[in-house]
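A.B. asks: Okay, here's what each chain looks like letter by letter:
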Amino acid sequence: MNGFEWAQMYPMIPEAFLALSAMVLLVSGTFPAVVRSGLIPVLGILAAFTSCIFILGMDWGLAGGGGETTFFVLDSFAAIVKLMLLVGVMASLAISTGYLRLENLREPEYTALILLAAAGMMIMVSASNLLILYMGIELQALSLYILAAFYRDSPRSAEAGIKYFVLGALSSGLLLYGCSLIYGVSGTLDFAGIGTYTDQNPGDLLLLTGLVFLIAGLAFKISVVPFHMWTPDVYDGAPTPVTAYFSIVPKLAAIALLARVLFDPFAAVEDQWRPILWFLSASSMILASFAALRQDNLKRLLAYSSIGNMGYALLGITAGSVTGLGTALFYVLIYMVMTAGTFGCVLALRRDEREITDIPDLAGLSRTNPYMAWALALLMFSLAGIPPLAGFFGKLLVFQAAIAEGMIVLAVIGVLTSVVAAYYYLRVIKVMFFDAPKDPLDPSPEFARRAVVLVSVLFVLFFLIKPAPVLEMTDMASDTFFYEAANDG
Amino acid sequence: MFEALAFYLFAGLLLFSAAVVITARNPVHGVLFLILAFFNAAGLFVLIGAEFLAFILLIVYVGAVAVLFLFVVMMLDIDFADLRSGVRRHALIGGGVGALLLAELVFMLVGREFVPGESLSVTPPGALTNTEALGRVLYTEYAFPFQLAGLILLVAMVGAITLTLRRRDDVRRQDIAAQHARRREDVVEIQKVTPGTGV
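Top to bottom, those sequences are chains Y and C. Residue numbering for the first sequence follows the numbering used here, starting at 335 and increasing by one per position. Residue numbering for the second sequence follows the numbering used here, starting at 49 and increasing by one per position.
The hints are simulated quantities; they were obtained by calculation from the structure and are not laboratory data. Don't take each hint at face value.
[Claimed, not checked] Each pair of labels, with its calculated beta carbon distance range: (1) F194/C x S514/Y: 13 to 23 Å; (2) G521/Y x L116/C: 28 to 38 Å; (3) M122/C x S488/Y: 25 to 35 Å; (4) A208/C x A526/Y: 36 to 46 Å; (5) R214/C x K772/Y: 30 to 40 Å; (6) I347/Y x R137/C: 55 to 65 Å; (7) F194/C x D773/Y: 50 to 60 Å; (8) L436/Y x D218/C: 17 to 27 Å; (9) L436/Y x F194/C: 37 to 47 Å; (10) I107/C x D393/Y: 52 to 62 Å; (11) L436/Y x R214/C: 13 to 23 Å.
[To be verified] If you want the ones that stay clear, here's a sample from chain Y, every Cβ over 12 Å from chain C, calculated: (12) M346; (13) G454; (14) R486; (15) P774.
Heads up, the beta-carbon is just placed ideally off N, CA and C, and yes, glycines get one too.
Okay, chain Y solo, but in the shape it has when bound (with noise of 0.2 Å):
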């Protein structure tokens, strides 16, 4: 009989803080007083720093379960991506607090719940079982499902909340029905034991049927064409701090998982996964350029700029290679700084004490208000793909990790796609810019949501400068499996 070890719980010390901080906030919401004071998001991003420096100062080559089990893994590759993940929490816990307070959203719930959302994303991160992955998936989204109906005086909100529960616990469906065909071959749940038999069997067609549903079931959450339906109605309906929470930070482990349960148990048949990411990617790149052209809505466009962004994002894991890896991680990364920046603008449109968001409301801003047009300007130049900002270089070695790996049409649908997404962010500056201007917006001084519009902005435009940093720690998490790789050959 096996028994319990608190040295295997070990790695999942930054998740338990999370949570724990989580039930902390929950608790202290029934004073009247914390609430009233604002305190509750600021203890959260502080909750997500501490967890960060946990990250930090662990080993990273862990493992932990229970007996003989391994459940769960810290390498580098899963202890950057939290890292990444956890700055992404709390930069779109620091651009809502002034949205919250003037919309009266300021219950600790809506804390709570990213807090639990975030740990529930780091748990499918670093997932080395089926039945640890499913539960982690399970956490966030329903979190997710929740905030997406928070303003609970909204019925768009409640349309929102509605449909992404519904189309979610469909992708739940069929991620779960490939976990019973895959456990159903292979006898075992633990990635480990996945891997060594699709080496020995790489052409069992139940197996392959079961990855098959399972890489469906992620590209739900991924938001990739064909799966993506939801994506514009949830992001569009879901108040607007929620949006930018859903397009920072979880598609970053939607695309972790995928990359980790692809190159670890599922390595041994690239050449069957590489044509389904081949058609995800591709299609979505042509069907988000061309459905957001026609787009008033600036939350709809950044939906669509999200399924867009998210093909160029696994074009980067569709080249296979080590390389390619590393580049759709670092091309996320970009995606999420930009991203902050946009909702951190995005959030303080309000004229006449009520938000809006769509972009002809937007016409000479930058005669009313020229830093924050400045700002949005340079955001979507970069997400456009305009040398020299970082956007630019995203896509350059996207595009030059499907090239060295002979994917020539995929990487020119690439480059087509983005010259035609090109045209609805410079609209946005068009209108902006030269269109006649309206009144100006409501001031809105909060100094978070300004820190991290300026640190957004000055990463775009002054990466060139430094890259290396940046591109070494995504390398570095990518190296992981290929070294391990590399260790078992």
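Assemble chain C onto chain Y, guided by the hints.
C.D. replies: For chain C alone, coordinates are given in the frame of chain Y:
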């Protein structure tokens, strides 16, 4: 002998109540027969020595799911006759799916070899009972997934409360403190009415 008798009793009642569930005109009767079906299925589980599954079936399905169904059926204004009106239209698809499921069942039964005389019990004699075996790994080897499941349930509870509990200004609420603070002299006024004058 006794086992065989119990098996046929449980199995027969299970089939009967399952048939009533889908044919009952009154939906409340349907849910009540569903509960009877759960009880009989639990009896079958006990017969093969899977007592943990039997109790879970009772606790989860009868205790929670069936009661929830009953609430929904009794509290929501659903016209069940209206729901049934499309039967003729969807008969083809429904029949197709039903035939598919039946075919699967038949294949499974044909493919399985029944060994007469062999005990069907899932617990070998002398081994731990399955409740004990589950309990031993649940809090040791599987402590991490167990805790994680607890966390997921916490999120579900927080969600249910956050999404439903809120102060609405357009609804009259009971104010217990105000009710308790009422005094007789504040609210009761005694009028002496002389006959023929009115108040």
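A.B. asks: Against each hint, give a clear statement of whether it holds in the structure.
C.D. replies: How the hints compare with the structure:
Against the hinted window of 13 to 23 Å, the Cβ-Cβ separation of F194/C and S514/Y comes to about 21 Å, which satisfies the hint. A hinted range of 28 to 38 Å for the beta carbons of G521/Y and L116/C is consistent with their spacing of about 36 Å. The hinted range of 25 to 35 Å is satisfied by M122/C and S488/Y, whose Cβ atoms lie roughly 31 Å apart. Under the hint 36 to 46 Å, the C-beta atoms of A208/C and A526/Y, about 38 Å apart, fit the expected range.
Checked against the hint of 30 to 40 Å, the pair R214/C and K772/Y passes, with Cβ atoms roughly 34 Å apart. A hinted range of 55 to 65 Å holds for the C-beta pair I347/Y and R137/C, which are about 58 Å apart. A hinted range of 50 to 60 Å for the beta carbons of F194/C and D773/Y is consistent with their spacing of about 57 Å. In this structure, L436/Y and D218/C meet the distance hint of 17 to 27 Å, their C-beta atoms being roughly 22 Å apart.
The hinted window of 37 to 47 Å between L436/Y and F194/C holds, with their beta carbons roughly 41 Å apart. With their beta carbons about 42 Å apart, I107/C and D393/Y fall outside the hinted range of 52 to 62 Å. Our hint of 13 to 23 Å for L436/Y and R214/C holds, since their Cβ atoms are close to 18 Å apart. For M346/Y, the condition that its CB be more than 12 Å from all CB atoms of chain C is violated, with the nearest at approximately 7 Å.
With a least CB separation of 8 Å from chain C, G454/Y falls inside the 12 Å interface cut-off, contrary to its annotation. With a least beta-carbon separation of about 6 Å from chain C, R486/Y fails to lie farther than 12 Å from that chain, contradicting its non-interface assignment. No beta-carbon of chain C is positioned within 12 Å of the beta-carbon of P774/Y; the least distance is around 32 Å.
In summary, the structure is inconsistent with hints 10, 12, 13, 14 from the numbered list given earlier, while agreeing with the others.
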